[in-house]
Structure formats: structure tokens, C-alpha cells
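Chemist: Starting from the known structure of chain A, arrange chain B on it as the hints suggest.
Each protein sequence line maps, in turn, to chains A and B. Each residue of the first sequence is one higher than the one before, counting from 1 in my numbering. Each residue of the second sequence is one higher than the one before, counting from 1 in my numbering.
The hints are simulated quantities; they were obtained by calculation from the structure and are not laboratory data. A couple of the hints might just be wrong.
Okay, the calculated beta carbon distance ranges per label pair [said to hold, decoys possible]:
#1 183(B) <-> 146(A): 34 to 40 Å
#2 335(A) <-> 261(B): 32 to 38 Å
#3 287(B) <-> 75(A): 48 to 54 Å
#4 146(A) <-> 168(B): 41 to 47 Å
#5 62(B) <-> 288(A): 55 to 61 Å
Quick caveat: nothing in here was measured; it's all calculated off a predicted structure. We put the beta carbon where it would ideally sit given N, CA and C, even for glycine.
Number of protein chains: 2
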Amino acid sequence: MISPEGGGLERLRDVEDPLLVRACQGEPVETTPIWLMRQAGRYLPEYRRVRSQFDFMTVCKTPDLAVEVTLQPIRRFGFDGAILFSDILIPVDAMGLPVRFNPGPEVDSPVRTAQDVQALRRPDPSVELSFVLETLRILRRELPAEVALIGFAGGPFTLAAYMVEGESSKDFLLLKSLMYREPVIYHALMEKLSLVVSDYLSAQVEAGAQAVQLFDTWSGILSPRDYREFVLPHVRRIVERVKTPGVPFILFGVGTGGLLELMKESGADVIGIDWRTSMKEARRRLGPDQPLQGNLEPAVLYAPLEIIRERAREILMEVGLQGPHVFNLGHGITPETPIEAVAELVRCVHEDGRRLREAEAKGGVT
Amino acid sequence: MISPEGGGLERLRDVEDPLLVRACQGEPVETTPIWLMRQAGRYLPEYRRVRSQFDFMTVCKTPDLAVEVTLQPIRRFGFDGAILFSDILIPVDAMGLPVRFNPGPEVDSPVRTAQDVQALRRPDPSVELSFVLETLRILRRELPAEVALIGFAGGPFTLAAYMVEGESSKDFLLLKSLMYREPVIYHALMEKLSLVVSDYLSAQVEAGAQAVQLFDTWSGILSPRDYREFVLPHVRRIVERVKTPGVPFILFGVGTGGLLELMKESGADVIGIDWRTSMKEARRRLGPDQPLQGNLEPAVLYAPLEIIRERAREILMEVGLQGPHVFNLGHGITPETPIEAVAELVRCVHEDGRRLREAEAKGGVT
Chain A
1 MISPEGGGLE
11 RLRDVEDPLL
21 VRACQGEPVE
31 TTPIWLMRQA
41 GRYLPEYRRV
51 RSQFDFMTVC
61 KTPDLAVEVT
71 LQPIRRFGFD
81 GAILFSDILI
91 PVDAMGLPVR
101 FNPGPEVDSP
111 VRTAQDVQAL
121 RRPDPSVELS
131 FVLETLRILR
141 RELPAEVALI
151 GFAGGPFTLA
161 AYMVEGESSK
171 DFLLLKSLMY
181 REPVIYHALM
191 EKLSLVVSDY
201 LSAQVEAGAQ
211 AVQLFDTWSG
221 ILSPRDYREF
231 VLPHVRRIVE
241 RVKTPGVPFI
251 LFGVGTGGLL
261 ELMKESGADV
271 IGIDWRTSMK
281 EARRRLGPDQ
291 PLQGNLEPAV
301 LYAPLEIIRE
311 RAREILMEVG
321 LQGPHVFNLG
331 HGITPETPIE
341 AVAELVRCVH
351 EDGRRLREAE
361 AKGGVT
Chain B
1 MISPEGGGLE
11 RLRDVEDPLL
21 VRACQGEPVE
31 TTPIWLMRQA
41 GRYLPEYRRV
51 RSQFDFMTVC
61 KTPDLAVEVT
71 LQPIRRFGFD
81 GAILFSDILI
91 PVDAMGLPVR
101 FNPGPEVDSP
111 VRTAQDVQAL
121 RRPDPSVELS
131 FVLETLRILR
141 RELPAEVALI
151 GFAGGPFTLA
161 AYMVEGESSK
171 DFLLLKSLMY
181 REPVIYHALM
191 EKLSLVVSDY
201 LSAQVEAGAQ
211 AVQLFDTWSG
221 ILSPRDYREF
231 VLPHVRRIVE
241 RVKTPGVPFI
251 LFGVGTGGLL
261 ELMKESGADV
271 IGIDWRTSMK
281 EARRRLGPDQ
291 PLQGNLEPAV
301 LYAPLEIIRE
311 RAREILMEVG
321 LQGPHVFNLG
331 HGITPETPIE
341 AVAELVRCVH
351 EDGRRLREAE
361 AKGGVT
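In isolation and in its complexed conformation, chain A is listed as follows (with noise of 0.2 Å):
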């Protein structure tokens, strides 16, 4: 176990790095990792058994029970990656914002002007987030040195969605009318939330998270030149914030197939990559020494098991042996996934990424 209390610290580089973090650095690996969004859920009964005594929100504060249902689908499955389990709200709940999920999360008193930006704090990860630190801290000591600890957090402009909107919603109207009518405002409030998010991020990193993932979800309701206005700075700043040598900075989006150049200007190690772009064509446009995630549509695991064998190995292919590769769905596991469905596709993609290196080592992939 590498100095499990300050792991973004003073790693100790002569021990190997779990396969999902050298992949994620485009260092040589024996097979290809895997993790799926959302891989502690409704999808597993031991985690319908916790949510039956517990809310969401509890769970999430709890450490003990935050730990449970985090180490659930690795004790079941054998990922690659373990992410914390928590909510990409909660940081904003500590900014002095209430959450309610009902089931969808909602905000009494959304951001709508200067002051309602002015009155949002900027908290002390140590103090008001200290039960994520110390269930990451748990954690660390719990994996496998072979499995890697995922920390991570909402993009600016995803919380923002919710922040501004109160809710969930179609068009984002009202956050885009902010964004075009109001853009010192509207910039303001990103300023604000990318600091809480790196001070977040980083606290993450400290506490023993071997890689962060920045979930900006709803980046892909944008235009590439409004990204590029409106979210790309304050990405670009929250990844130099948190950036540590050897914890890999991974930027995912959904939609966001109009958006992958500038997503690599962030600066972030790894893109993640949702269904809707081949990940040759991601491949093309990044770059062959970019490393990339994703991207299995999530529905293909409601296939029958060949269909699930012959479309992951279609993506190892796709993306191609040689560029740096961390297997994942292109967006969240769903509620109603078949577990053996999930089963199949661990045990597919690690013995294909083996056969297939081993394969194109003696000279041949077929």
C-alpha cells in the first residue's frame, strides 16, 4: 500500500501503479482496465439492501456506508477502478445551497443574480466535505493495491445547470440566458464554482484518490464556439489547480462529440467518450497518444451476451491496441442492468486486451 494518508503527496514511485492509472499516463499495459460510470448502483441487490434502510443523501455522508456500497462492485466484479460514491451536488450543498433529491436533484432557491452568486461560500473540503475526505481515506486503506481509487467531481457548468435551473431540465433556457445576457454574472458564478471545485478536486487527490474524473455532463448541451467561451477557461483553470504528477485527470461529457478538440485543450490526461462517436473517429481527431475512455452504449448490456462479447471487442479494436485505452460505458450504468450482463463484459474486455496485445506482440491481430 503506497502512504495511504497523503497518496497525492509523496508517492513512491518504485512501486507499480495500478493498471487503470498506467493506462491513463499511455504507460505500457498488459491488458486493457475497465470501470463503469455509475458501477455502484441500482443495478446491484447488496446496493438496493443499503438503500432500502438508508437515503441517498445518508449514505452519501456516511463514510461507513459510503465505503460499503463503493467497494460493492469490486468485490462482485474485479474493476479495474473503484470511484467514490457520492453525489456531484454535494459540494454545492456546502456551498450554502440545499439539495433535495426527489428522486432527481432540486434547488429551493436557484442562482439567478449577482448577489445570489456573492452569497454562495466557498468551503473548507477539510471541514464541510470532511466525510468524503475520510471515506477516500478508508478506501485507500480497504482496495487492492491492484485496483485504482477514482475521486471526482462535477464540471463548473453542470453544476451551474442545476444551480441556475433549480432542476433538471430540456433546454437549459434559463442557464443559457444567463450565459448570453448575463456573462459577467454568469462568469462570476463559474469563477466561483471552479475554485470549490479545485479546492475540492484536490482535497480528493490528498486524501488518497489515485485519479480524478470531472463529470461536466451537460457540456454537451453547447455549441463548440459557446464551449469554448463559456466553459473552457474555467475547465482549463480547474485542471492546472489539481493537476498532481502521477493522478490522472480524466474530463468526461455526454454529447459532447462536437466538442473533443477543445476538450483536450483543457489540458486533462484522458477524455472520456460517449457512444454517439466511434472511438476511431476519436482516435483520428485526438490523436494516436491520447489516452481516451468509454465508450460502450449502455443499452448493449440488455444484449444477449455474444452481441456484448462482439461490441467490446469491436471497441478494443476501434480504438486501437497500441493508443493508451481505459474501457468504459459512454455514459452511466442503468437502473435495470443485468448483472451478469456487467460480469461478462469484465471478464470479455480483460481477456480480449490480453489475447489481442499478445497476439499483435507475435506480429498478428485477427
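Modeler: What follows is chain B alone, placed relative to chain A:
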């Protein structure tokens, strides 16, 4: 007025086509034509007045009312195209699957089995959909010669989505599960829908439509490899059946940035681009001669007028004055859009389109 009763059959080529039709065919134009998806709608007070007396389906099914609301935005703004007021689910209703609006569309008996597919009828448009054809015939007489009459239908995948899910959906897991687990039933449904849509669009062309648009709105939820296997063959067959010389076929979907090359493979004349792919990128990928439609972010219409002007001009420059282009939004106009914004956009596209072309002809665009 050109052969009002048989527009698609015996077109007189000596009378000049409307600007929009010429642009769709890559012919020289004096300026850039513009129309907006959902241009007859709630943002217009005169539309809201009609709807305060008649429900949505009554307006769709009563030619005098449908004609009136179709003409409202033409009178007000001077668009280059008038799109039939109707709903993509009208032919589904005629197939024997009742549709209600509540306010989103709902289907009481979703299609899930081979028997369900078999039970669907192939309506004769001249009988079950005669009110649509009558609306088009009246419109063709009433519209000024320079305004193109645009017919439309929903794409088979988009119709299948509503028919299988029973309502709109976040993940479309029922539809995708059918696709992966019961491909024979899925394709039977798509084949039936493709026939119905082809009959319907061909009848619209016969009734006077001078261009047709296939709204395959939901096709953007698919990965490129799934689009190729599960949608493209059906859309290609529709294009083949409907294509009529002089009547351009426009193919549009939302979130289809990953599918553009495949959409072009359908044989459609014009590819609609949503706001999430830049026109420059679409032009680069589809070639300098490909007629494109789009792609202003609909929320930009909530911005101050000078920003609307700036963005409209950016799109004209990005798509290139030499490349064929029809200006549109990247998706439907939203109900709260200010009327002044629409008026300004139309004026601006026409003026800039003309001015930039004149400047270019003189040897320099500034």
C-alpha cells in the same frame, strides 16, 4: 403559380424555383434562404389565439386551421419556406395506434411484439390522411410563389421510439432492448414504418410540397455502428422511394454529430446540422458541394440583438458562401422566444447573405 394541383408530377422548369429550393439543389442564389423548425408555434400570439379555441389535434386535422397557422409566420417574418403545420405522429394514429397529447405524445398500447407490428395498418394517405393533403393543396394556392412549401414526416426510428416506449423517454431502453434482443421484430416494425412514411411523403409531394424534411429527431441517441445497422437501410429506402426531381429531400436529427457521413449515405439532398457541430466541421466532413441546413443554437434568440446578428454572421462565414446552405436553427424554436429576435434574425440572414455575396463577387469579403 406552378401547377398547384400536381406540384410533384409536372413541374414547369421555365418558372424559377423558390430561393430555398434552389439553395437545396446547390444552384446559385442571390442570398441565403431561411426558415425555422417549429416556426408556426407558441411564441406567436396569433398562434396562441387559435390554440385557445382549438386543441392541437383539431388544428392538425382541420385544413383551414392548419393552413392559417402555417401562414402566420410567413405573413409576419418573410421566411423562405412554409412548413406544413402537423405532427410527426399523425400517420401513427392513421396506422391504428391512437396517440394522445398530454401535453407530450402518449401511446396507450405500445408496440412490443410481432403481433403488435402485424396489427399496424398501412394507411392510404389519400383516404386516412386526406386532411394533410388538402392542407398542402390550399397552402400551395395561397403561398406567394417565392415561398417554398415544405412537407415533412417523422423518421421511422423516431416514430418507432414513441410507438415502442409509449411516450418520450430519457434512455429509450425499451426501444434499444427490442433492437438488440428482437432484431427481427424491430426491423419488421421499421420496414412497415418506412413504407408508411414513403407513401405519406410521396403523397405530400403530389399535393404540392416543394421540399420534404424527414425529422429523424431521435436517431442521435444511437452510436454510429448502430445507426448503420438499425436505421440507415430504412432511411435510404425512404429516400429512394420519395425522391422526385426538383423536390429536395432534407434529413435532420438532433445530436447527430457522430452520424453525419452516414446520414449523407442515405442519399438525402440536404443534411440538417444541429447546433452542437460547427458548420465548418460539417462542411469539412461532408464536402464543399453538400447542401447543409442549420444551425443556430435556439437559445441564442434569447440574447441581445447584436449577439444574434453576430452569431448569424458567424454561421454564414463558417458554412461558406460558395457552399449550398439553408439557414435554420439547430432545433425547433422554443415557446418563449421573443418575436423581435426572430424578425431580426430573418432580416440579418437575408441582408448579410446578400451583402457578403456581393462583396465576394467584387473580390473581397470583410
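Chemist: Just to be sure I understand the hint, the distance between the Cβ atoms of residue 335(A) and residue 261(B) should be within 32 to 38 Å; is that true here?
Modeler: holds, 34 Å
Chemist: Hint says 34 to 40 Å; check whether the CB-CB distance for residue 183(B) and residue 146(A) agrees.
Modeler: holds, 39 Å
Chemist: Take a look at whether the Cβ-Cβ distance between residue 62(B) and residue 288(A) falls inside 55 to 61 Å.
Modeler: Holds - the Cβ-Cβ distance for residue 62(B) and residue 288(A), about 60 Å, lies within 55 to 61 Å.
Chemist: Starting from the hint 48 to 54 Å, judge whether the C-beta atoms of residue 287(B) and residue 75(A) obey it.
Modeler: holds, 53 Å
Chemist: Within 41 to 47 Å or not, the Cβ separation of residue 146(A) and residue 168(B)?
Modeler: holds, 43 Å
Going through the hint list in order, the structure satisfies each hint without exception.
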